[in-house]
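Novice: Residues 22 to 355 in the numbering used here are what the sequence shown lists, from first letter to last.
What the hints contain is simulated information worked out from the structure, not anything from laboratory work.
Treat each hint with caution, since some may be false.
[Unchecked claim] Computed cross-link-like contacts, EDC-like style, restricted to lysine to aspartate or glutamate with a CA-CA straight-line distance of at most 20 Å:
#1 Lys-171 x Asp-224
#2 Lys-171 x Asp-210
#3 Lys-204 x Glu-181
#4 Lys-171 x Asp-292
#5 Lys-171 x Asp-140
#6 Lys-204 x Glu-220
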Amino acid sequence: MVPHAEIPARRRNPSARIAPLRRGTQRLRFRLQGVRIGDHTCFECSNSPDSDRRRLYNHLLLTEAERDCTEVVLVSPRNPLNIGAVARAMANFGFTRLTVAAPYAPHWREARSAIGAPDLLQNAREAESLAAAVGNCTFIAGTGTLTHRKPEQPVFSLPELAPVFAQQLDRGGRVALVFGPEKHGLTRDDLSYCHALVEIPTDPRQPSMNLGQAAAVCLYELARGVAIGGAGFHGLPPFRQKQGEKMGHGGSEAHLATQREELSATSSSLDRLAALIEETMIAAGYSPRAMHPANRHDLRLLLRRLGPSVLDTRRMLGLFRRILYRIQRPSGTP
Numbered sequence: 022m023v024p025h026a027e028i029p030a031r032r033r034n035p036s037a038r039i040a041p042l043r044r045g046t047q048r049l050r051f052r053l054q055g056v057r058i059g060d061h062t063c064f065e066c067s068n069s070p071d072s073d074r075r076r077l078y079n080h081l082l083l084t085e086a087e088r089d090c091t092e093v094v095l096v097s098p099r100n101p102l103n104i105g106a107v108a109r110a111m112a113n114f115g116f117t118r119l120t121v122a123a124p125y126a127p128h129w130r131e132a133r134s135a136i137g138a139p140d141l142l143q144n145a146r147e148a149e150s151l152a153a154a155v156g157n158c159t160f161i162a163g164t165g166t167l168t169h170r171k172p173e174q175p176v177f178s179l180p181e182l183a184p185v186f187a188q189q190l191d192r193g194g195r196v197a198l199v200f201g202p203e204k205h206g207l208t209r210d211d212l213s214y215c216h217a218l219v220e221i222p223t224d225p226r227q228p229s230m231n232l233g234q235a236a237a238v239c240l241y242e243l244a245r246g247v248a249i250g251g252a253g254f255h256g257l258p259p260f261r262q263k264q265g266e267k268m269g270h271g272g273s274e275a276h277l278a279t280q281r282e283e284l285s286a287t288s289s290s291l292d293r294l295a296a297l298i299e300e301t302m303i304a305a306g307y308s309p310r311a312m313h314p315a316n317r318h319d320l321r322l323l324l325r326r327l328g329p330s331v332l333d334t335r336r337m338l339g340l341f342r343r344i345l346y347r348i349q350r351p352s353g354t355p
């Protein structure tokens, strides 16, 4: 054993080791400044008296415009703790818009009134159905597993979904990521409102995930993927330009109007078109009454697979209104 007198002072006194670290920590207060090097953004440290009042820049968080156009939707969640876990994951990764569709009222009230509930949860939107929750969205992705289901829409892995979201946001669209109830996930009817199904790769021996865990994994990957754009940093895409800059090719009014017309139709517009087509089919005696629910489901899926633009949807609405009028008009009427 080494005599106490022979032990160096630094070993006898732990604070002797900690003091330099504290001084070093004080010297390392800094703010980040972006420096372009080739195709990448690097950062340098610089002392700043107002650094404590500045937020460190994180290039993997969504911009404010992207947050406003990205919805996280929970369908009939039952556990208040899971609702809180999803809200916490959203706050961690920069998502701000939460909508709860057809919530179970007692548990929803409990989650919102919990002590320490984040503002995000207090400001969450409540919708009577999934259709109402995603009505203003142009691309909707439902989450789930393929273990016990046959997909009826395109299936994306998480890394594949992020560039699709980025493209929609770039074009001025709105996107939604939908999570189903804890017990059984999204139903077949729920998924008929979705353009795609995203699957989290898990071990087949334990394929299901806790709702909060699934949300954290998906939101992290989406925030990262939207920021990178799926192909690394190659300058800032249009939706990351400074506020006030024009978007697209020159930003003329004519081009912006064309861009709006070429944007994918919203979910509510597709539902209106599906309802009109169904009414036309019924008027034409296309199928027996027993087939109407199945036809309605198939129409929703078909229109989302086609992904018509705003202009195409408007044209089809006019076409089917004319067909329906011709079918229903009295004989002899021009």
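Novice: Within a Cα-Cα threshold of 20 Å, do Lys-204 and Glu-220 meet the stated pairing?
Specialist: Given pair Lys-204, Glu-220 holds - Cα atoms ~17 Å apart, limit 20 Å.
Novice: If you draw a straight line from the CA of Lys-204 to the CA of Glu-181, is it 20 Å or shorter?
Specialist: Violated, at roughly 27 Å.
Novice: Would the hint linking Lys-171 and Asp-292 be met if the CA-CA limit is 20 Å?
Specialist: Given pair Lys-171, Asp-292 is violated - Cα atoms ~23 Å apart, limit 20 Å.
Novice: Is Lys-171 close enough to Asp-210, meaning Cα to Cα at most 20 Å?
Specialist: Within the cut-off at roughly 13 Å; holds.
Novice: Between Lys-171 and Asp-140, does the CA-CA distance stay at or below 20 Å?
Specialist: Status violated; Cα separation ~38 Å.
Novice: Quick one, are Lys-171 and Asp-224 close enough, alpha carbons at most 20 Å?
Specialist: Answer holds: Lys-171 to Asp-224 is near 18 Å, not above 20 Å.
Violated hints, listed in ascending order, are 3, 4, 5; each of the other numbered hints is respected by the structure.
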